[in-house]
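A.B. asks: Chain by chain, the residues:
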Amino acid sequence: GAGVSQSPSNKVTEKGKDVELRCDPISGHTALYWYRQRLGQGLEFLIYFQGNSAPDKSGLPSDRFSAERTGESVSTLTIQRTQQEDSAVYLCASSLVSSGRHNEQFFGPGTRLTVL
Amino acid sequence: AQSVTQLDSHVSVSEGTPVLLRCNYSSSYSPSLFWYVQHPNKGLQLLLKYTSAATLVKGINGFEAEFKKSETSFHLTKPSAHMSDAAEYFCVVSHYNYGQNFVFGPGTRLSVLP
Numbered sequence: 059g060a061g062v063s064q065s066p067s068n069k070v071t072e073k074g075k076d077v078e079l080r081c082d083p084i085s086g087h088t089a090l091y092w093y094r095q096r097l098g099q100g101l102e103f104l105i106y107f108q109g110n111s112a113p114d115k116s117g118l119p120s121d122r123f124s125a126e127r128t129g130e131s132v133s134t135l136t137i138q139r140t141q142q143e144d145s146a147v148y149l150c151a152s153s154l155v156s157s158g159r160h161n162e163q164f165f166g167p168g169t170r171l172t173v174l
Numbered sequence: 004a005q006s007v008t009q010l011d012s013h014v015s016v017s018e019g020t021p022v023l024l025r026c027n028y029s030s031s032y033s034p035s036l037f038w039y040v041q042h043p044n045k046g047l048q049l050l051l052k053y054t055s056a057a058t059l060v061k062g063i064n065g066f067e068a069e070f071k072k073s074e075t076s077f078h079l080t081k082p083s084a085h086m087s088d089a090a091e092y093f094c095v096v097s098h099y100n101y102g103q104n105f106v107f108g109p110g111t112r113l114s115v116l117p
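As you go down the protein sequences, you meet chains P and E in turn.
Read left to right, the first sequence gives residues 59 to 174 (the working numbering).
Read left to right, the second sequence gives residues 4 to 117 (the working numbering).
The hints are simulated quantities; they were obtained by calculation from the structure and are not laboratory data.
Even for Gly, the Cβ is constructed at its ideal location relative to N, Cα and C.
A couple of the hints might just be wrong.
SDA-like mimics (lysine to any residue), calculated; alpha carbons at most 20 angstroms apart, straight line [said to hold, decoys possible]:
hint : chain 1 : residue 1 : chain 2 : residue 2
1    : P       : K75       : P       : T128
2    : E       : K52       : P       : N161
3    : E       : K45       : P       : K75
4    : P       : K115      : P       : T128
According to the in silico footprint, chain P covers these stretches of chain E (three or more CB under 8 angstroms from chain P) [as the list claims (entries may be wrong)]:
hint : stretch
5    : 47-53
6    : 107-117
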């Protein structure tokens, strides 16, 4: 079946503009994660959705960042008033939860955001 | 809390020689452990996973890892490096009792010299 998809693949924006990034998880995966990866760096956790539970927003770096998820489907990550330090690849992953256990994450190809 | 330490930020080996990428974890529970690989400008791909079955886990592309509870380690090995193995490798610890579940190590960059 289809994997995790993300759109757009690349986004160039001007400082101060808002951007919206989209993630389509694998069908049936109740857990969805957003990460940020700056050039040459590791993964930085942003937010985690699991079913109908309240999302874990503990990784969001500022109130300019927000994310929503429609049921167990699409998620959007919104960055308001973008800054140059927001430039990074934003990765989405989903995983299957069965019998209370999390299986491995499947990653999308990422959205490369460049803020000029 | 959970945490992952990857002891080497960069490892360089010659083609055809063994690879050892080290990972140590901390978890209050019996965790699941994963290794992911990220080739330049590519997405993350699962190499292998440990989920409380056999302690020696075999993955794709000839990689394997051994879970050693007494040492809280999950080191990644390969008998003979290939040029195509040059990439960034991430060790990940997970347990469903923790909120966002998956904690990534900082990564180890593997260079393979001809």
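A.B. asks: Does the structure break any of the earlier hints, and which numbers would those be?
C.D. replies: The structure conflicts with hints 1 and 3, although it agrees with all the remaining ones.
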